[in-house]
Amino acid sequence: MSRIIFISHDGECHEAAISDGKSLMQIATSHGVPGIDGDCGGVCACGTCHVILDPLWFDRVGPSAIDEEQMLGMTPERQTTSRLACQVTVSADMDGMTVRLPEFQM
Amino acid sequence: MNVIDPILRKAQARIPMDLQIRGVHLFHKVRHAVLPDSRPPVFSEHPIPDVADVALADIDVSNPFLYRQGKWREYFARLREEAPVHYQPESAFGPFWSVTRYEDILTVDKDHERFSAEPFIVLGDPPVGLSIEMFIAMDPPRHDLQRQAVQGVVAPKNLKEMEGLIRQRVQDVLDHLPTDRPFDWVEQVSIELTARMLATLLDFPYDQRHKLVYWSDLAAGGPDTTGGPLDLDEFFQGIIDMAQHLSAHWHDKAARRSAGEAPGYDLISLMQSHDSTRDLIDRPMEFLGNLALLIVGGNDTTRNSMSGGVLALNRFPDQFAKLKADQTLIPNMVSEIIRWQTPLAYMRRIATCDTMLGGQFIRKGDKLVMWYASGNRDERQFENADDFIIDRPNARNHMSFGFGVHRCMGNRLAELQLRILWEELLARFDDISVLEEPGIVQSNFVRGYSRMMVKLTQKSAT
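Each protein sequence line maps, in turn, to chains A and B. Everything in the first sequence is counted per the working numbering, starting at 1 for the first residue and increasing by one. Everything in the second sequence is counted per the working numbering, starting at 1001 for the first residue and increasing by one.
FYI, nobody ran anything at the bench for these hints, they're computed from the structure. All values reported here derive from a predicted model rather than from experimental measurement. Every residue gets a Cβ at the ideal spot worked out from N, C-alpha and C, and that includes glycine. Treat the hints with care, since some could be wrong.
Claimed, not checked - Sample of chain B residues lacking proximity to chain A, with all beta carbon distances greater than 10 angstroms (derived): (1) F1027; (2) A1351; (3) C1353; (4) N1394; (5) R1412; (6) E1437; (7) S1460.
Said to hold, decoys possible - Pairwise CB distance ranges (calculated): (8) B/P1049 with A/G62: 52 to 62 angstroms; (9) B/A1057 with A/D59: 37 to 47 angstroms; (10) B/E1103 with A/E12: 31 to 41 angstroms; (11) B/L1145 with A/G62: 26 to 36 angstroms; (12) B/R1114 with A/T98: 33 to 43 angstroms; (13) A/G73 with B/E1163: 41 to 51 angstroms; (14) B/R1428 with A/G62: 50 to 60 angstroms; (15) A/D59 with B/T1328: 51 to 61 angstroms; (16) A/T98 with B/P1041: 37 to 47 angstroms; (17) A/D10 with B/T1328: 12 to 22 angstroms; (18) B/E1082 with A/E12: 17 to 27 angstroms.
Said to hold, decoys possible - Within a straight-line C-alpha distance of at most 25 angstroms, the following computed SDA-like cross-link-like pairs (lysine to any residue) qualify: (19) B/K1157 with A/F104; (20) B/K1160 with A/T75; (21) B/K1157 with A/E77; (22) B/K1455 with B/L1323; (23) B/K1157 with B/S1273; (24) B/K1160 with A/S23; (25) B/K1160 with A/R100; (26) B/K1364 with A/I66; (27) B/K1157 with A/T75; (28) A/K22 with B/R1380; (29) B/K1160 with A/K22; (30) B/K1157 with A/T29; (31) B/K1211 with B/P1229; (32) B/K1157 with A/K22.
When you get a sec, could you build the whole thing from the sequences and use the hints?
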């Protein structure tokens, strides 16, 4: 089964099985990965599912849209490979992707 | 306008702020004497009829007594069912659309291009001439710059440093509460704790912290803006006092800094360090607006959630029992308190183009009110939405913080303060009993308590 590995700020790993077509936020919250809130339910409106992608994967996943940029701009912990997990759709070819979580969600 | 604006700005930068406000005040006194129609509305309270007895078209949810009289639930429930995007053409605040369903509110809140937050976010407009500006009522990109200047003070990283201080203060306040007689929870706990927090955030003289509370109440309590009970003279006197104190405070901080004192991690220091706000003091209407925003934002909201949580647990005693049996529910309960209370009822927007919303045609320039208080009780989103359920699985999805670029900046501070309050309360008391119906403020914006008499039961020794 393909899976994605979430690494918390203090280095703890959590795995989540990929279900095609779901968002990264959905698979994280449905697997109980701590550190992702998703307060708006996944519509790019709260900024509480901030994740930092591995640079190698960042290019493959693709860039963020304008409304996502706007929300990311409000996150003090933003990094160059930051994304909102609700705006990343997962697929089987992301097997083994590592995703880091910020210390805090805004 | 373009010729006048620079001149106006220059004048505003040179003439002392309080004199300018005095000028505006005088202007209004003369105007009201000459033009009686220009006087701000005075709201007198009458019993509000049951919603079933009112024609749909006549429903006016801008009535500042709707919440106090407990009618708001049935009025909004009917709008959500029968007219989720509802037009009221002749309210005391002019024509406006009410958006009452969760999904529609989310749509409007997210779309800052179609629905502008400028120039103001409450139903009515501020007195003519006192066109205060604040970043909550600015669209990007100006909004983004000013928000970025100050958001660090309430960013989670800074909060970690503050947690110990907040807990100490909560303990201090709770340890001095009477346990042998009733007292007013609003005054002794909710107001006291938020005043102390505000003074810290602004590095404002601690012994004058209650001024901050007073100014906040003034700024949010105008009759022409929110249907509040204030009289215009009291309002202007208060704003003049606020302008004097806050500009003196700004200059004092600046002087201490140029004398070599290290800048603190407070809002004023942050503003004085940031390019987009360093000269804020020269833009008086923005200076006043942004400080009023931060004061109101940190005052009415948390204060009324501190009172609302006690009331909610009294209205739903089974939840109090559940909480005492499992204190790990506190963080989720905090979200549920904020949903159930919705301390600020709404935010307003202006349509920037002709558009459709919920099947209604909205014209460019129309005013829309996103009723968070209604969205938080929308059964389409929250099962048994009127009930207070501390382990509600989707409590975090509440709309009280708003969504999109204007989402509440102090959300984590609010959650932290409420979490600590409840942790410390449960460590001390077995019961907090509300003795009578609480007093509720007159406003269509702030859903607040003016008085709530309670009696504490100390935890029995185990």
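The hints, checked one at a time:
no., hint, verdict
1, F1027, "38 angstroms, holds"
2, A1351, "18 angstroms, holds"
3, C1353, "18 angstroms, holds"
4, N1394, "8 angstroms, violated"
5, R1412, "7 angstroms, violated"
6, E1437, "32 angstroms, holds"
7, S1460, "35 angstroms, holds"
8, B/P1049 with A/G62: 52 to 62 angstroms, "56 angstroms, holds"
9, B/A1057 with A/D59: 37 to 47 angstroms, "56 angstroms, violated"
10, B/E1103 with A/E12: 31 to 41 angstroms, "36 angstroms, holds"
11, B/L1145 with A/G62: 26 to 36 angstroms, "28 angstroms, holds"
12, B/R1114 with A/T98: 33 to 43 angstroms, "38 angstroms, holds"
13, A/G73 with B/E1163: 41 to 51 angstroms, "27 angstroms, violated"
14, B/R1428 with A/G62: 50 to 60 angstroms, "53 angstroms, holds"
15, A/D59 with B/T1328: 51 to 61 angstroms, "41 angstroms, violated"
16, A/T98 with B/P1041: 37 to 47 angstroms, "60 angstroms, violated"
17, A/D10 with B/T1328: 12 to 22 angstroms, "20 angstroms, holds"
18, B/E1082 with A/E12: 17 to 27 angstroms, "50 angstroms, violated"
19, B/K1157 with A/F104, "7 angstroms, holds"
20, B/K1160 with A/T75, "16 angstroms, holds"
21, B/K1157 with A/E77, "9 angstroms, holds"
22, B/K1455 with B/L1323, "19 angstroms, holds"
23, B/K1157 with B/S1273, "18 angstroms, holds"
24, B/K1160 with A/S23, "30 angstroms, violated"
25, B/K1160 with A/R100, "21 angstroms, holds"
26, B/K1364 with A/I66, "23 angstroms, holds"
27, B/K1157 with A/T75, "11 angstroms, holds"
28, A/K22 with B/R1380, "22 angstroms, holds"
29, B/K1160 with A/K22, "33 angstroms, violated"
30, B/K1157 with A/T29, "23 angstroms, holds"
31, B/K1211 with B/P1229, "19 angstroms, holds"
32, B/K1157 with A/K22, "31 angstroms, violated"
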